[in-house]
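On the provided structure of chain A, position chains B and C as indicated by the hints.
Protein chains in written order, with this note's numbering: chain A, 1 to 497; chain B, 1 to 820; chain C, 1 to 129.
Just so you know, the hints here were simulated from the structure itself, not pulled from any lab data. All C-beta atoms, glycine included, are put in the ideal place defined by N, C-alpha and C. Some hints could be false.
[To be verified] Chain B is faced by these chain C residues, among others (derived, beta-carbon under 7 angstroms):
no.	residue
1	ALA14
2	ALA66
3	LEU89
4	VAL104
[Said to hold, decoys possible] Taking CB as the label site, the calculated pair distances span:
no.	chain 1	residue 1	chain 2	residue 2	range
5	A	PRO201	B	GLY35	53 to 61 angstroms
6	C	LEU116	B	ARG455	45 to 53 angstroms
7	B	PRO122	A	HIS23	49 to 57 angstroms
8	B	PRO506	A	ASP266	42 to 50 angstroms
9	A	ASP488	B	PRO506	49 to 57 angstroms
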Amino acid sequence: MRVLLPLPVVLPLLAAGASLALHRHRWLQRALGLLTLTAVLGVSIALLLEVRADGIGVVDVGGWEAPIGITLVADLLAVIMLAIATAMLLVVLVYAIGHPATEDTRRFFHPTYLVLAAGVSLAFLTGDLFNLFVAFEIMLIASYVLITLGGSEPQVRSGMTYVVFSLLSSTLFVTAVGLVYAATGTVNLADLAGRLDGIDPAIRNALGLMLLVVFGVKAAIFPLFSWLPDSYPTAPSPVTAIFAGLLTKVGVYAIIRTQTLLFPADGASEVLLAIAALTMVVGVLGAIAQNDVKRILSFHIVSQIGYMILGLGLFSVAGIAGAIFYIVHHIVVKTTLFLVSGLIEVSAGTGALSRLSGLTRRAPVVAVLFALPALSLAGIPPFSGFVAKLALVQAGLDIDQGLVIGVSLLVSLLTLFSMTKIWAGAFWGAPSEVEAPDDAGGDRALRPPPLMVGATAALVLTSLVIAFGAAPLYDLSHDAATALMAPDGYVGAVLDR
Amino acid sequence: MPGRLVGDLVLTAPAPLRRSAALLALLGLHAVLAGAAPVLGRRLGPRVLLVCALAPAATVAWALARAGGVLDGRPVTEVRPWVGELGVELAFRLDGFSLLMVALVSGIGVPVFVYAWRYFAPRPDIGRFAGLLTAFAGAMLGVVLTDNLLVLYVCWELTSITSYLLIGFDDTKAPARAAALQALLITGAGGLAMLAGFVLLGQAAGTYTFSEILADPPTGTTVGIAAALVLAGAFTKSAQVPFHSWLPGAMAAPTPVSAYLHSATMVKAGVYLIARFAPALAPVVGWWRPVVVSVGVVTMLVGGLAALRQHDVKLLLAHGTVSQLGFLVALFGAGWEEATFAAAALLLAHGLFKATLFMTVGIVDHAAHTRDLRQLSGLHATLRPVAVVAVIATASMAGLPPFLGFVAKEAGLEALLHEGSSATLVLVGIVAGSALTVAYGARYVWGAFATKPGRAGAPMAATPVEPPGAAILAPAVVLTVATVLLGAVPALADPLVEGAATSLDPRVEGVHLALWHGITVALGLSVLAVTVGVALFVGRDRMARLQAALPRTSSGTEVYQATLTATLRLADRVTSVVQSGSLPRYLQVALVTLLVLPGTALLSGPGLPDDLAIAESPLQVVVAALVVGAALAAARSRRRFAAVLCLGGVGYGVAVLFVIQGAPDLALTQLLVETLAVVIFVLVLRHLPERFSETSRRLSRLSRAAVSAGVGTFVAAFALIAGAARQEPAVSGEHLARALPDGGGRNVVNVILVDFRGLDTMGEITVLAVAALGIASLVLSGRSERTAGLAAHDPDEPAPATEADGPVGAVSSAGGDRLG
Amino acid sequence: MTVTLALTVGALFAFGTYLLLQRTLTRVVIGLGLMGHGANLLLLLAGGRAGDAPFVSDDGPPAAAADPLPQALALTAIVITFGVTAFLLALAYRSWQHTHDDDVEDDPEDRRIAALASEEHTPARQGES
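In isolation and in its complexed conformation, chain A is listed as follows:
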C-alpha cells in the first residue's frame, strides 16, 4: 500500500515531463501515455482490492504524520473513483489517438492529458483540504489548456467563460480554506472532522455550505452550472468526453467527501435535496431546449449530477450507496455518449440535429453504440442507469422522500424524451444530403476510424458489464457508503496510528 498509493499521482506527472521532452516523437508520446495510464489502472485496481481486503490505506507524504504533513488516504470511495476514472482516461486516450483532429497535430496534448490524470488522482487520494485545492488547480489548468487546444474563436470564447468561472470558484476555495483554518487551525480532513465538531453549529453549517458552493461550481449543480453547457461542447470530442465523464464528478466526489466527513447530517438534508431536484429539472429542461448533440449531452451532465446529489442528500447508507453507484455508471455512460457524439460528427460532419438524419442506415454501428448508453442514461432497464436509478428510488422511498423521488422519475422520463430527440433527429429519417467535409469523400468519410469505434464499443461493453454484473459493484458502493456514514473509521485511520 505504501508503495502503491502515491503512484497514481506520481507516475502520470513523471510521464508528463517525459512526454513533453518527446514532443517531436508522436508515437513515443502515444506509447508512453498508454503505458502510463495502463500502469495507473493496474495500480488503482490493486489498491481497490487491497482497500477492500485491509481497510483504509494511509500514506504520509515525506514521512510527516498527520496533521503536520499531507496524507494520502485511500478509502473505498477514493479507490472506486480512482479506478473508474483511470479506466476512462485510458479508453479516451485510445479514442483520442484515433480521432483525426485532437492529438495528431498537437504536441502538447499528451503531456497536458497526463497532468490532468495526475490532478484527478490527487483529488481523489488527498486527505488534506488545501492539497485538494492544489489538486483541483492541477486538474483545472490542464483542462484549460485542453479545452483551448487549437485556439479557434469559439474555443477561446467558451474557454474564457470556463476559466473565469473556475478562477472565481478557486478564489472562493482559497477563501473557504482561510475561513476553515481560522475557525479550526488545521487543514487535514481527518483532523478537521474532530475540530469542526467543537465549534458553533451555525458557523460549522456556514462553512459546510461555503464548501458546497465551491465544489458545486466544479460539480455543476444548480444554480452554478451555467458555465458547463457553454464551454464543454466546443472542445474536440475526446476532450469533452473526458471532461464530461470526470471533471464534474471530481466536484461531486469533493462534495460527498466533505459533507459526509466534515458536516454529517442526522437525516435527509433539505438543502441538498432541493438543490438535487432543481439541478435535475433545470438540467433536463435545458437539454430539451437544445438542438446540438453535444449541447444536449452537456445539459444532461447537469441533470444527472442532481441524481448524485439526491443520493447524498438522503444521508442514508442506501442513498449514498446509490449515489456512488450512480457516479460510476454515469462516468462510463456519459463518456461513452460524448465519444459517440464524436463518431456522429466524424460520420456526418456535424453535430447539429437540424442537419443530421438517417444515420441508422448510414452508420448502423454508431446507432447501436448510441442507443445503448442513451437508454442507460435515461435509466431504462436493463442497463446500468436502471440499477442506479432503482437504488436511489429505493433509498428515497425507504425514508419517505416521495416528492424528490417523484421528481427524479419525471426527470428520467424527460431524459428519455430528450434522447429520442437525438435518436429521431439524427438516426431516423431519410439519410441527409450533408456529406462529411472530408475530401476523400463519401464512403470513407462515413466510417469513423476503427480506433475510435473500438474505444467507444469497449465503453459500451463496460456499461453493460456494470449493468449485468451490478451486484458486486453495488456491494462495493454499499460498503463505501457504510464507511462514509461512519467517519470515525476514516479519522481513526489517519490520526490514530
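Below, chains B and C alone, put in the same frame as chain A:
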C-alpha cells in the same frame, strides 16, 4: 418459498415446485436471435423472420411439455441472482396464468412471424425488423414469466422500447416517428409510476417476489398509493381511458406489429398485471374495485364508439382493441372469481381473433393498396378466403356462437349475473359495449369486403386487387381454426383457462366453459346485445349524424400534445433564463448563491464577536487604507493602464500588510508575482484601446453594487466570526517546534513548503509548467495563423476552420432552423 | 484578526466583485485579481494575530511567532493564481486576435434559444421533436 397452493393439494402436501433452466435458456435464445437477426437479414432477406420464429416456437414446445404439471398446480420456477441487495432477482415462475400468457405471446408469435415473412417485400432493413420483433417477443415473455416485480419492470420497459422502435420502423415518415414517441412517453410515464409503486409495495411487503406479495398482500395507506401507481402503469400500457390515445397512433407500425404487439400481446401487459393483483388488492384497497371496473367499462364504451367513426379499417380495429381491453380490465379488475375465469377465456379468445383480424387487414391493404372502407368494395368475391377468415374472427369478436368469443363473453355475463346487484351497473355497461362491438365488427366486415352502393344506386365497382399468396393467409387460417375449434368444443380450452384462473384465484375451482348453458338470462343479454348492435349498424348513417352532433370529447391526444408543447415551451423559457449565455450574469448568480447559502447560515449564528481589536498598529490602518483606496481606484478607473497599475498597487500594499503580519517570505513572493503579473498585463493590453468602452449594461449598476457590497460584507463578517470561533490551537505549533530538529531549517515557512507540505509545492510547480505550456500553445497557434495570413480577418466573419475544429466549426455555425 | 484587516479583505472582495460583473474582459481580470488578493490576505489572517516572522533561532522559535502554516499555504495559492491568471491573459490576447475587442461575448447558441423562447411557439414545432 412455496407458491400459492391450489386445489386439493392444499390438503395434502406443498406442491413440489419444478425447477428449470430452460426458462432462462429460452429468453437467451430470443436475445441471441434478436442480436443475430440484423446480420442474418442481409443474407436471408425476409426469411430471417422464419429463423427468428424458432424462438417462440421453442417456447411453445417447452410450454406444452410442461403444461400438464403446471395446470395441475405445480409451477415451474427458476431463480438466479442479479442485484440481491436491491431485491432484483432473475426469478421466473410458470404457473397456470403465465402459461396462458405464454400461449398468447409465443403461440400467436409463431404465426405472426410467419405472416411477417410473407408480408414484407425484401428490404435492406428486414433484419433489423426481425431483430426488434424477436427482442419484443423475448421481453414480453419475460413480463409474463418473471416472479420478481423489478424484473417485471425491466421487461416491461423493454417492451416499451421495442414498441417505440417498431412503431417508428418506417422512420422516414414523420407521423410514424410522432406516434412512436407518443406511445413511448405515455407508456414510459406509466412505467415509471409503476416502478415507484413496485418499490413501495416491495418495501411494505419486505420482498419483491411477486407470488409472495400476492399470497400475503401488505396493507396500509402506502399500499393504496402503491396500487394507484401500479394501476397508472397498467392503464397506460393497456390503453385505458384516459391514456388510450397512443394505441390508435401506434397503427403507424407495419401490420404484423399491430397484430402482435398492439392487439394480441403487449397491450395485454397491463391487463396481466391487473389480473394478478386484483384478487389480492381488491379486498385490501377499498377503492380498487370501483375504480378499476369503471375505468374498464368506460374504456370499453369509449373505444367502441370511436371504432364506429373510423374509415381506416386498421384504426377501426385499433379502437376495437381499446374497447376489448376495457372489457378485460373490467372483468379481471373486480377480483370476482367467476369473472376472473371468464376474463381468462376472453384473453385467449381476443388474442386469437384480433391477431387474425389485423392479419386480414394487412392482406387487404397489400392486395387493394388501401384500407379506407369508403374505397374498398367487392372484396368478398375477389378475396373470398380472406373474407371467410375475417368473418369468423369478427363473429368471435362480436360474441356470436359457436366461436370462442361467444363462449368467453357468455361466461363473463354469467359471472356478473352471479355477483348480483353490486355488478348490475357493470353488466349494463358491458352489454352496451358488446352491442357496440357487434356494430363495429359488422362495420369492419361490411367495410372491407362488401360491395358498396356507389353513386346513383348502382353498386360500386370492385376494388382491383392483387391476389395474395396462400402462405400469407395460412397463419390467419391457423388462428381461425383455433377460434372455431375451441369455441365448438370448449372442453379443449377449459383446462388452460381453468388452470390460468385458478392460479390467479383458487376460488375459481370448478367453473367450466360451456358453449350452451341453456336458455339463461346471459343468453338473453347476448341476444339483446347482438340485436342492438345490428340495429346500430343498420342505422349507421343516423348514428354517424348523432355522433357528429354530440360534442367531441377529448381523445387524450390533445392533452398529450398540449403537455408536450407546454414542456417544450417551459424548457425554452427556463433555459433562456438560467442559460442566458452571459458570463457576468452567471457570475452574479454564483455570488448571490454564496450570499444565500452560507450567508443566511451565518446570520443564524452567534454574530460578530464582542472583543474585536480595531487594529494591531497604526501602520496597519494606514496601509489598509491605501490598499482599499487603490482597489477603489481600480474599480473606478476608465483607463486600462491606470486600472492595472492600481491593481499592482493593491498587490504591493497587500505585500506590506504581509510584512506587518509577520510574513516576510510571503511579502517577497507577492512583490515578485505582482510585478510579473503587471508586466504580462501590460504586454497584452498594449493592443487594446486606452479607455474602456462603455458597452452594454445588462446588469444595472445598482444590482452590481448591491451584490458587491453583499459579498464584501459577507466575507469580512465571516472572517471575523470564523476567527473568533477557534477552540483549539493550530496544528502549526508542531511545525514551529519541529522545523529545526526534524526539518533541518530555520525558516519555518520554507520548511513547510519544501518538506512538511512538499506535495503542495510540487503541485504548484506543475500548475506553473502547464500554464506556461498553455500560453505557449495559444501564442503559437496565433502565430502560425498569422504566418499563414489568416490572423487578421474581419471580426464579424467566423474564424477560419483550422484542422482542429472541423466538427467544432460546424457546430458553432449550425444556426438556422430547429428540429421540429 | 483585526477589524481593519477584515474590512480590507471585505473591500477587496467588494471592489473585485464589482469589476467581475462587467463585460470588459480587462475589468473582469482585474476584478479577479482584487478578489485573489483578498482571498490570500484572508488566508494569511486565518493564522490569527500578527507576530514575529517564523524563523527559528538556536533558542527555538520566537515566543510570539506568526502562524507559519497559512503563510506557506498563501504562498502556494499566490503562485498558482498567478499561473492561472497569466494563462487567462494569454487567452484574452488570443481572443483579441480573433475579435479585436475586449468584451466577453454571450454564447451564440444560448442567445439563439433565448430568442426562440421569446417568440410565440408555432404548432409546427409540436408534432415531434
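Structure-based check of all given hints:
1. ALA14: holds (3 angstroms)
2. ALA66: With a minimum Cβ separation of about 3 angstroms from chain B (threshold 7 angstroms), the hint on C:ALA66 holds.
3. LEU89: holds (5 angstroms)
4. VAL104: At 5 angstroms from the nearest chain B Cβ, C:VAL104 passes the 7 angstroms test, so the hint holds.
5. A:PRO201 to B:GLY35: 53 to 61 angstroms: Distance hint for A:PRO201, B:GLY35 holds at roughly 58 angstroms.
6. C:LEU116 to B:ARG455: 45 to 53 angstroms: Once the Cβ atoms are compared, 51 angstroms apart, the range 45 to 53 angstroms for B:ARG455 and C:LEU116 holds.
7. B:PRO122 to A:HIS23: 49 to 57 angstroms: holds (55 angstroms)
8. B:PRO506 to A:ASP266: 42 to 50 angstroms: holds (48 angstroms)
9. A:ASP488 to B:PRO506: 49 to 57 angstroms: holds (54 angstroms)
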